[in-house]
Structures are given as structure tokens and as C-alpha cells.
Amino acid sequence: MRAFWLLLPGLLVALLPDSAGAYKRSRDPDTGVCVYWSDASAGIYVHQACSDDVGDTNSCINAVRAGLDAWNAVDCSRFVFTYAGTTDVTEVGFDQDHWNDNINLVIFQEQQWIHDSGAIALTTTTYDMNSGELVDADLEFNGVDFTFTTSNPGPGRTDIQNTATHEAGHMLGLDHSSDPEATMYAEAPEGDTAKRTLAQDDIDGLCFVYPVGGKIPGYTDDTLSELCQGQGGGNGGCCASVGDGRGGLLGLSLLLGLLLSRRRRARPGDGGEKE
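Residue numbers (our numbering): -2 to 272.
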């Protein structure tokens, strides 16, 4: 498992990637194989309740969809997020025993949050450990510790579309970027909405992985073999794995995309929000 951190400026800067390569692909930390959707598409369901913080459910769902659509609007990429509708499913993760029952889910966890309390959202992707082929991606919003909004986020409010756009990048296979202007950059100020709009670095990463009219650079791509040997550019540092997983999943692994923020600790009597 691996975590991706979105931080407030100045916090834990030492954790940021030390690379001039800007965009990066998500990869298995052990094998180095990059993750990707083999058919360059993913159907996404949103839980029917969406967020308790937004009175208009349609407004909430539209904010999530806008985050996905930001990636769909890139002309040089053939990747497509498809909105599959709402669902009453609440289970997150991949069930190997009931393959056809799995869906890519976006859900706001309002009653219990079992992850880090400082995490705004968490994306869990399931993939073939040999090929890197993605089979499932689920996005959880932390509705227990954070208050969400669909417009003009003020103090103590987190923008749904901004968060969804960043996490959608993890869902399709991108890691954090070292470009501070990128949607996939690992820092964000409170009330951030800048990540709603993709930067050129995000576009470059998306179009490298899912080019129009081109081959998806998966585990059989010669370019990745060169990268594995240190001969390629800065496009993710992915390695081709040994073996062919196309005959079935020889093993599943999880990759976690974690979006964090530090919450202000209230001083006694100031009426502020406590950690």
C-alpha cells in the first residue's frame, strides 16, 4: 500500500518528490510496474446520498462529475470517465469472489472514518501486480472530520470539485507531480479551488499514459523497459514486470491515494473547530 499526501503549504515539504520530471505515474512500490486502465476508461458510480453537507444532492453529484470531466476534456487523451449513475452500494474495495459485483465508487463517509482523521479523501485502486492493469478504483470523502461545499469554500470548508479532480488523477493512474501549478501537486491551501482546472503538466501526464491513436504505455511498452533501466525521460520511472498477467489476475494489490490537510486546533473559548 502507498499513500499520496496533499498538504497545506509549508507542511512536510520533505516528503515531496525530488525530481524535475514533474508528472509521475502511480506504480507498485515493490515491482515498479505502473498502473493503468487497459481500455482507457472507467465507469464511476456516486453514492445516492452524496454529502450531508450539501442540501442539494444533484449539486453535490454535479461537483463530483465536474472533477471527473476535467480529465475527459483533454483533446490529446482518449481516456474517459463515464458517469454510471447513483448507487446504494457502500462497500469499498474489490471482491475477488464476486467479480461482476464490483463497481468504481465515490462515497462520502459520514458516520465513521477508519483512516487518518486528517485525510480529506482517500482513493483505493486495485490492480494486477504483474501487469499493473487496474480493475477497481474507489474514492472516499472524509465527511466525519471535514465539511464540504460545492462553491466558494470559506474557512473550514473543503471544495468537492477541487478534491474530486485531484483524486480522479489517482483513480486513472497518476501520482503526485513536482509542478506546484499542477492539479496533481501535493500541496493545497485551505479553500483551494485551483485544482479544478488541469495544468499543462497534468495534461502531459494524461496524454502520455492514454494518447489519442496511440498505444497505452503498459507493461509491454519498450519505453517503459528503457525507463526501468534508467535510459528514459522523467515519465514516471516505471518498470516492465516479468510475466504476463493478461490470462487472469495472478495477484491483486492496493494503491492508496491519500489527500491530507492539517486542521486548525481551536484555542479555548475561540469557538473554532477542534481537531
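In short, the hints are calculated from the structure, not lab data. Treat the hints with care, as some may be off.
Here are the computed distance ranges between Cβ atoms for each label pair [stated by the list, open to error]:
| # | residue 1 | residue 2 | range |
| --- | --- | --- | --- |
| 1 | G153 | G210 | 42 to 52 Å |
| 2 | I111 | D72 | 34 to 44 Å |
| 3 | D92 | D72 | 30 to 40 Å |
| 4 | S114 | G90 | 37 to 47 Å |
Built from N, CA and C at the ideal position, the CB exists for glycine as well.
Now for the hints, and whether the structure bears them out:
Between G153 and G210 the CB atoms are about 46 Å apart, so this pair conforms to the stated range of 42 to 52 Å. Range check, I111 to D72: Cβ separation about 40 Å, and the 34 to 44 Å hint holds. Between D92 and D72 the CB atoms are about 36 Å apart, so this pair conforms to the stated range of 30 to 40 Å. At roughly 20 Å, the beta-carbon separation of S114 and G90 lies outside the given 37 to 47 Å, and the hint is violated.
Consistency note: the structure conflicts with earlier hint 4 alone.
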